[in-house]
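*Asks:* So the chains spell out like this:
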Amino acid sequence: MNRNADKKLDDLFRAARGFLPDTSHREDHFETRLLVRIHEKRSFLSTWLTWERRLVPAFAVLAIVLGIMAWITDSYRSPDVLASLINNREHQIITRYLTGG
Amino acid sequence: MDKYTRTPEDESGCSDTFLIDAAKGGDDAAFTQLVARHKHQVFRLAAYFAHDPYELDDICQEVFIKVYEHLRTFRQEAPFAHWLSRITVNACHDALKKRKRNRGHLSLEDLPFDIADSSLEAADLARQAYAILMRGLMQLNPDERIVITLLELEEKSVRDVAALTGWSEGNVRVRAHRARQALKKILEGHHES
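Residue numbers (my numbering), protein chains in the order written: chain A, 952 to 1052; chain B, 38 to 230.
Rather than coming from a laboratory, the hints here were simulated on the basis of the structure.
Just so it is clear, the structure is predicted and the values come from calculations on it, not from any experiment.
Do not take every clue at face value.
Claimed, not checked - Derived DEER-like restraints, expressed as beta-carbon distance ranges: (1) A:LEU1017 x B:ARG112: 32 to 38 Å; (2) B:ASP95 x A:SER994: 56 to 62 Å; (3) A:ASP962 x B:HIS214: 17 to 23 Å; (4) B:GLU92 x A:LEU1017: 48 to 54 Å; (5) A:GLY969 x B:PRO90: 35 to 41 Å.
As the list claims (entries may be wrong) - With a Cα cut of at most 27 Å, we get these calculated BS3-like pairs of lysine-lysine: (6) B:LYS222 x A:LYS959; (7) B:LYS193 x A:LYS958; (8) A:LYS958 x B:LYS221; (9) B:LYS61 x B:LYS134; (10) B:LYS222 x A:LYS992; (11) A:LYS959 x B:LYS193; (12) A:LYS992 x B:LYS61; (13) A:LYS958 x B:LYS61; (14) A:LYS992 x B:LYS193; (15) A:LYS959 x B:LYS221.
Just so it is clear, CB atoms sit at the ideal spot from N, CA and C, and this is done for glycine as well.
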């Protein structure tokens, strides 16, 4: 029974091999369609890279500006106040003011 | 090289090597000529797996886009046609995996190609056999379908199928065996109905 089924399957394959797919109609102008698609992909990629190249300097400038602002903000923290706090001078200043000394 | 693959040189005498080198250098005309020379091989193989003409065109475009993108990595140690066949098999396998297994009825009008045989009786018999087979093949999983199609319809050897798919020869044999068992069951069910 199994051999019969195997034989039938082999016969089916043998018969099916005689069916020649004709794809000539589908192949017409294939190169044109293909190149259009390749060019579309290429121009999408180059647009993306162009925007990336334009944005990188902008981000670099932003980073520099933020760095400068951070540095300026740091410099406004008066070292004198900090020193006073460490040395307890702020307390002395306030005491002197209150007592008039 | 099977009977459908053209010889590497056409009437102008440009070899595949020459066209590939030119295409690598950005020559689109050379790439176009390479496509024209080898597209039939790709279409014929993809036709076994495409569900309709649009999918057939899609698969073939995907194949040549991959060729275009990876041409620089092709070292020309083996014939271009072999490399192309491998890309085609992988593209067909991907297309089968994307598509859910179709258990529906396949109409002959849905086939993505026409009959080339001029003898009506022989063509009719072959067409019927093909339609029955396709109904069965559509119900196999992608791996089994790829293997059984390449072995039985393309008449490739196990070694060739292993080279095309990247699977071991053992794997190919196992999948072929499973595919045959599954097809026999499907066709027995079809015969009874």
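*Asks:* Going straight from one Cα to the other, do LYS959 of chain A and LYS193 of chain B come out at no more than 27 Å?
*Replies:* holds, 20 Å
*Asks:* Return holds or violated for the Cβ distance of ASP95 of chain B and SER994 of chain A against the range 56 to 62 Å.
*Replies:* violated, 20 Å
*Asks:* ASP962 of chain A and HIS214 of chain B, beta-carbon distance inside 17 to 23 Å?
*Replies:* The hinted range 17 to 23 Å holds for ASP962 of chain A and HIS214 of chain B, with Cβ atoms some 19 Å apart.
*Asks:* For LYS222 of chain B and LYS992 of chain A, compute the direct alpha-carbon distance and say whether it is at most 27 Å.
*Replies:* Status violated; Cα separation ~45 Å.
*Asks:* Given the hinted pair LYS222 of chain B and LYS959 of chain A, is their Cα-Cα distance within 27 Å?
*Replies:* holds, 12 Å
*Asks:* Would you say the C-beta atoms of GLY969 of chain A and PRO90 of chain B sit inside 35 to 41 Å of each other?
*Replies:* violated, 22 Å
*Asks:* For a C-alpha distance cap of 27 Å, please report whether LYS61 of chain B and LYS134 of chain B respect it.
*Replies:* violated, 31 Å
*Asks:* Does the alpha-carbon distance linking LYS193 of chain B and LYS958 of chain A stay inside the 27 Å limit?
*Replies:* holds, 19 Å
*Asks:* Honestly, do LEU1017 of chain A and ARG112 of chain B meet the 32 to 38 Å range at C-beta?
*Replies:* Roughly 49 Å apart at Cβ, these two residues miss the hinted range, so it is violated.
*Asks:* Take the C-alpha atoms of LYS958 of chain A and LYS61 of chain B, compute the straight-line distance between them, and say whether it is at most 27 Å.
*Replies:* It is violated: about 49 Å lies between the C-alpha atoms, which goes past 27 Å.
*Asks:* Mind checking the alpha carbons of LYS992 of chain A and LYS193 of chain B for me, to see if they're no more than 27 Å apart?
*Replies:* Given that 27 Å is the threshold and the Cα spacing comes to 35 Å, the pair is violated.
*Asks:* Quick one, are LYS958 of chain A and LYS221 of chain B close enough, alpha carbons at most 27 Å?
*Replies:* holds, 10 Å
Going down the numbered hints, you'll see the structure goes against 1, 2, 5, 9, 10, 13, 14, while the others check out.
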